[in-house]
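As they're listed, the protein sequences go chains W and S.
If you read the first sequence in our numbering, its first letter stands for residue 1, the second for the next number, and so on.
If you read the second sequence in our numbering, its first letter stands for residue 318, the second for the next number, and so on.
Keep in mind that the hints were calculated from the coordinates and are not lab data.
Restricting the straight-line Cα-Cα distance to at most 25 Å, the calculated cross-link-like pairs of lysine-lysine (PhoX-like) are:
no.: 1; chain 1: S; residue 1: Lys471; chain 2: S; residue 2: Lys375
no.: 2; chain 1: S; residue 1: Lys479; chain 2: W; residue 2: Lys310
no.: 3; chain 1: S; residue 1: Lys387; chain 2: W; residue 2: Lys2
To spell it out: a stretch of chain W is covered by chain S in this simulated footprint if at least three of its residues, at any positions, have a beta carbon under 8 Å from a beta carbon of chain S; those stretches are:
no.: 4; stretch: 6–19
no.: 5; stretch: 154–160
no.: 6; stretch: 181–188
no.: 7; stretch: 228–236
no.: 8; stretch: 302–314
Beta carbons: idealized from backbone N, C-alpha and C, even for Gly.
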Amino acid sequence: MKEDPGYYDYWPYENRPKIEWPNGAKVAFWVAPNIEFYELNPPNNPFRKPWPQPNPALPGYTSRDWGNRVGHIRQMELLEKYGIRGSISLSTALCDHHPEIIELCAARNWEFFSHGIYNTRYTYGMTEAQEREMIKDSIETIYKHTGQKCAGYLAPALSHSENTLDLFAEVGTELFGDEAGIYSCDLFHDDQPTPINLRSGKRFASIPYSLEMNDTIAYLVQKTTPRSYGKEIKDNFDRLYTEGAESGTIMCIPTHNYQVTNAHRIKAYEEALEYITGHSDVWVTTGKEIAQFFLDNYYDIALEDIKTKKQKYGKLG
Amino acid sequence: MASLDSDYLKYPERSYGMDHDRYEWSMLQNRKKVTWPNGKKIALWINVGVQFFPLNQKGIPFKVPGGMTKPYPDLRHYSLRDYGNRIGIYRFFKALDNYNITPTFAMNTKLAERYPYLLGTIRERNNELLCHGYDMDKLHYGGQDNAEETELIKRSLDGLRKLSGQDIKGWISPAKNESENTPDILAANGIEYFCDWVNDDMPYNFKTKNGTLTAMPLSTELEDRFIILNNLHSAEDWANQVEDAFEFLLKESKTSGGRILSLNIHPWVLGQPHRIQYLERVLEKLSDNPEVWSTSASKILSAWKNQQ
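Could you put the whole structure together from the sequences, leaning on the hints where they help?
Structure (structure tokens):
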């Protein structure tokens, strides 16, 4: 077991090379709806219990199913209203269970990225071969149902192994070459894209997918009220917009159809989206577009700056 | 049901004062009034915790608050904590400098070893550093082997002294948790003050086997992590609570002598884009007030000691 994942190097948030987003935007803004399928009777995982109650665990299962039956359309229409294409963090088994949702999103040219097979199948305890097979299945499923070559990954239920990012990048290349498997949403260490160290040496980026702005974290962990959540989103945006004048920042709102689209919560969310998209210097985009833009234009510059900063103080003492 | 031993109704420490001999029982109202330099009423101690939470947390004898909570590798909590050291702390520096506030940095020695750039930046600022233990997973705890703890404290202090070039005088244990020997070992290793006991609003003398330490008041109740992540209040509400505390202490100081407002804050909590403005709001209000003396922990300690 490692004390540090080793995926990224220290890169202080001062005097970084300026990132300029397309059309002079200060913030790259993306929304990542998690479209998930939770199983009613998932197999046991020795490291994490899927549900608090014995099967059938109705409270958790039914509220999530509500998200697909009722909430999805609400959020999709809302995002469309503000010109936002969702970047879907997809439980890929949903392609088999609910192809209607996939078709609606594909028709709007939304991005699909892999969030595993089911959100009730954790990476914990998988061998490397098993994790590779699960990732491969998820990328192939996205391609089969949408024709998209999966660019991004968020491990199912944020369950990881030491090799998760390596495996995702390698399987992407194996299936589709270097245009697939290019970014991860699994790390929360930065407000800008950062280069990721992989054993293959592949060019790969971490794209901030803010856990702090995640509706599930806000509502289930922080017990935030809807209005307070709306305010936090605006506060988050304001700071990133200001700082983005110095060097482009990224803001992400990760959402869940079973949380943010509840009738008592959707108003606060809409006000926040209206506020953000009402600003002129915002690049409303998707995870893949940000990752590709960073890899094409700033990845090498970032690596160089990280090296320079590392040398500044050398080893003290 | 098993019955209790007859000793359960015996009370060997039942007498005037404390049930231990570490410090004297003393009510705040009965103490000598303290005056701060230039007649200021509130000494402001901004204590910034700069912490390393290892991914391979052992959690002996408990999981540190703010540490990993998911099965290994908990990338989520590891990277959110590390966010503070990469991003949040640079927002803190700007905010502190903008309002001309003097911070004190409580640093894990392991972090100083890992991030020379961050330590170098703090060194150049000439702010006081105090040692916050080795890392957030190296807890000091009741029943810990004395030799093991002594080695841990020496390693933490020697390392930070060497890397920082400062003769570190202050200490905060990770999680403010101690063994029964911690104060004795700290006193034997050149520590003058420590901040683990949250039982006062003013400094007080703390007896050890190796001389007297000063216990410095660093409130947990008003800490950003405690209010926002433990009590689940908003960052805005943290700012409201700090401002209320400040106004109360200022009023009390008019009749009872100088008081201390100590804020223990963390860049991984308040350094987030949606929270930083509330730290700025607090710093602006405090810096605007002519009754506030913004200074380091050890300067507050010296001013207090000189009046005892």
